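Visitor: If you want the building blocks of each chain, they are given just below.
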Amino acid sequence: MPKRYKSYSELILNGLFKENPIFRLALSMCPAVGISTTLMNGFLLGIAVLFVQVASSFTVSVLKNFIHPKIRIPTYTLVIATWVTVIDLTLSAFFPTAYKAMGIFIRLIVTFSIILMRLEVFAAREPVLPSVVDGFGMGLGFMFGMMTLGFIRELLGAGQLFGHQVLPVKPLLFFILPVAGFFCVGFMMAVFNYVEYLFKKAREKRIKG
Amino acid sequence: MKRIIVIFGVILSLLIFSTPLYASANRFIVKSSFYQKDKIRIVFAAPVDRKLAEDRSNYYVYERTDPDIPLPIKDISLSKDGRVLTITFKEELNQHSPHIVVIKKIVSAGRNLGIASIMVRKSYAGFLMSILIGAMLVHNFVFTKYLGLCVFFGTTRRKATAIGMGITFTIVMVCSAMISWFLYNYVLKPLNLQFFQVVMFIGIVSLIVQAVDIILRKINPYLFKAFGIYLMLVLANCVILAVPLLIVVNGYNGIEAFVFSLGAGLGYFLALFLMSSVREKLELANVPPSYQGLSIAFITAGLFGLAFMGFSGMSIF
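Residue numbers (numbering that gives the first Met the number 0), protein chains in the order written: chain A, 0 to 208; chain B, 0 to 316.
Chain B on its own, in the form it takes in the complex (with noise of 0.2 Å):
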């Protein structure tokens, strides 16, 4: 016991100790953020000199992903309080990657505080949040990426079929989600066998859906007689393999590719129900004779395509 406290407790000293070794200049720096599309902004603590702090040549920013390619700046401005730092950039900045400002010199009232490197985010959850609501919404799978359409229209003739479909996919989605990012990123990258991808998606996609079949068969007959049908439905759905494909091409971490995978198939859930009402009541309106069927529910989607067109190029957060 008497151990684990002294260790602990040089850990401790060595941290508080070592912290202003680096960060004498950093804790200097009160508040960083992105500000409108192309700004970035800075609050320090006290105000600080002017004409070092508008040298543009005293700034070097970059995105976190490549530490070589600097971020060129059009304008740096200081608020009259000397504390409020606003740096413009030439072009658009990519929030949702982090960026790094190295500040090479701080001067306060007089003293050299030194070099300072600080991390521009958003906040986690927020961006979380924003993978969530854009799978949903912003890039909904159905009705702006045009996929999983042959399942969408045979199932959306009455709600109960729609709601149905809709649970079953979610829960296949994030389940094959998760297990095929997890041998991509353990399995396949280390072995360098990423062109085996598409093979080994939809294979667990089957499996999984396969085993669900018989599993769900044995344990409980009633769940399988109100969505046993629907399974076999989730192969023949494009965005059961987009969704793992699209996982690796945004290079996702398990919890964002979680997050997304949910997204995804909330989304679908989403269009199905929409749907699955208009076509519900698609059945009491008359329509013409050659319209009849799918041809309408086609017009239907497309509609429904230029309403979701609205959250195109919305950030939430």
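Isolated chain A, as found in the complex (with noise of 0.2 Å):
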């Protein structure tokens, strides 16, 4: 099989901007909408998603040649679900207030199918090692737009950032508003896009020049 990665520093790259779970692959968009509202909200989803990718990239890349072919999607979701219920009963210990403001997001981290998708495209053809560096890079990736989301959203909403006061005004105090989470990252794509565009016209233009 021909390798798909160079480095391990390649994978990380890869998981934070090239394929960024929120805005390039647009997966696991329910979050981003729902509860990016704050900057720590943004970060501590960020870290419990980081530790069911690595967990379950991990399992799933020991456990490869033992799951039968045919029934591997319900494996990989149960496995999945292990993981989300440790760090569930562990947020819920030591974090009781930020955890009762996520509400069930925690335990719905099963279905995000950014992890399901890592782990049928990634961890069930590589090596362990590859494996946890490539959840690691698509859960930094995953906690990088979340926490751009929640600065964003927090800054202009409320002008506060984890909490604290920044800015003396609220400049659009619509981005506080929870629909405004659509809002929010379709602008987001648009820059994304835009940005793009700039780059292609700059080789563009260098190559014909």
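Careful, some of the hints might be misleading.
Unchecked claim - With a straight-line cut-off of 25 Å between C-alpha atoms, the simulated DSS-like cross-links for lysine-lysine are:
| id | chain 1 | residue 1 | chain 2 | residue 2 |
| --- | --- | --- | --- | --- |
| 1 | B | 104 | B | 89 |
| 2 | B | 103 | A | 69 |
| 3 | A | 99 | B | 38 |
| 4 | B | 103 | B | 217 |
| 5 | B | 89 | B | 30 |
| 6 | B | 30 | B | 1 |
| 7 | B | 103 | B | 38 |
| 8 | B | 1 | B | 38 |
| 9 | A | 69 | B | 224 |
It is worth saying that the hints were derived from the structure and are not from the lab. Being a predicted model, the structure only gives us computed values, none of them experimental.
Dock chain one against chain two, each of which comes alone in its own frame, and use the hints as you go.
Guide: As structure tokens, this is what we get:
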């Protein structure tokens, strides 16, 4: 089988930017819209997803030879669900207030398509160490996306960061509304598209000139 | 045959004789209902003594779930003809749970009728209807709870796919929610294994999906061709897990769980259909280049969300 990656750093960068789960692959949009109202929420959910992704990538990669291909999807889901239960109980014990704010989203990590997709595409075919690194990169990418959204929404909506007042005014109160998550993600995607378009244009100009 | 009639007769006569023992004053109350947000209205069969009826210490009102917390009463008023009693409370009542009003003494036309305790609740059919409408519109899972978005944006490019996904999803939703409800209440709860719920719920969903996939492939290949591709997508949908979890949180019984999951499925179907109709039209519109694709879809969904915010706080029954 041809190697699909050059180095571990490339795997992590791949998860962070090239295949960013939120802005590029557009997977796991529910938390990105639903609870990215503050930076802290984004950070905690990011940590939880990072942990679940790394742990289940590791488990599946170790067990890949024992899993029957016909029932692989149910098996993967059960593996994810086990690790989600672990992080769910841990967070509810150590961070009760933040846990309450996130509602049932921690338990819903089970159904975030990004985790299942990475298991299916990567961890089920590659050795243990690259799978763990890939899971780490993807988790970091998710955390990066969530924190970017949380940063924008908390700063523009409430003028705060991590609950501390940063700006003297609230520039766009609309952004703290739950519905604004849709608009925020939509605008962010448009910005990403525009930056990509600018890069493309510059490259074409360089080639021509 | 004779014996059955005798037993039946005994039970009937016992019932008839025993009713006045506990319900002498209860029968004096014709109707009781919630009124506005913070009032309970009681209609008596005949005019009652005004001084006793407007005495606050004569009443004890509580929610059925916690009998040791009396609800503070703000005001009590009797209508002019002395038959309609309105109790106003200091706080708004949670009208979804049954309330119990204990009237310690009722005096009418100089006769003491004794104690009365009545249950005030909304009609059950109305309650079920409010669960259904609530899950479908008021708390629509896509537009007001922001769940199931990955599949939502993936399958709304065409109306046909949206309808296929909606039907498949509703059926799997109802089946899995009912099985989850049953196993949670009769297996996990008696064994004190509640922390296991996430693993069990998602396990049930994935097993159902896998089973339907295998069975449908053998039995009806045509149907499989139409709906098979959506089956795996159901697994990656947050709503499918959120519904059993919410049923547990709200403590619904079997019928309520069925209605709730049906409402969730239909609400998802509705959201898919609305969104796909708009996105088919959007393809003909002149969208700025950087907004094309998912970006404009998100903004459209945001507009839908704003529209659905209009349902919030609505209660129909």
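Visitor: State for each hint whether it applies.
Guide: Hint-by-hint comparison with the structure:
1. B:104 with B:89: Distance of about 23 Å is within 25 Å: holds.
2. B:103 with A:69: violated, 68 Å
3. A:99 with B:38: Measuring from Cα to Cα gives roughly 32 Å; hence the hint is violated.
4. B:103 with B:217: Between residue 103 (chain B) and residue 217 (chain B) the Cα gap is close to 68 Å, so the pair fails against 25 Å, i.e. violated.
5. B:89 with B:30: Given pair residue 89 (chain B), residue 30 (chain B) holds - Cα atoms ~23 Å apart, limit 25 Å.
6. B:30 with B:1: It is violated: about 40 Å lies between the C-alpha atoms, which goes past 25 Å.
7. B:103 with B:38: holds, 19 Å
8. B:1 with B:38: violated, 52 Å
9. A:69 with B:224: Roughly 19 Å between the alpha carbons, so the hint for residue 69 (chain A) and residue 224 (chain B) holds.
In summary, the structure is inconsistent with hints 2, 3, 4, 6 and 8 from the numbered list given earlier, while agreeing with the others.
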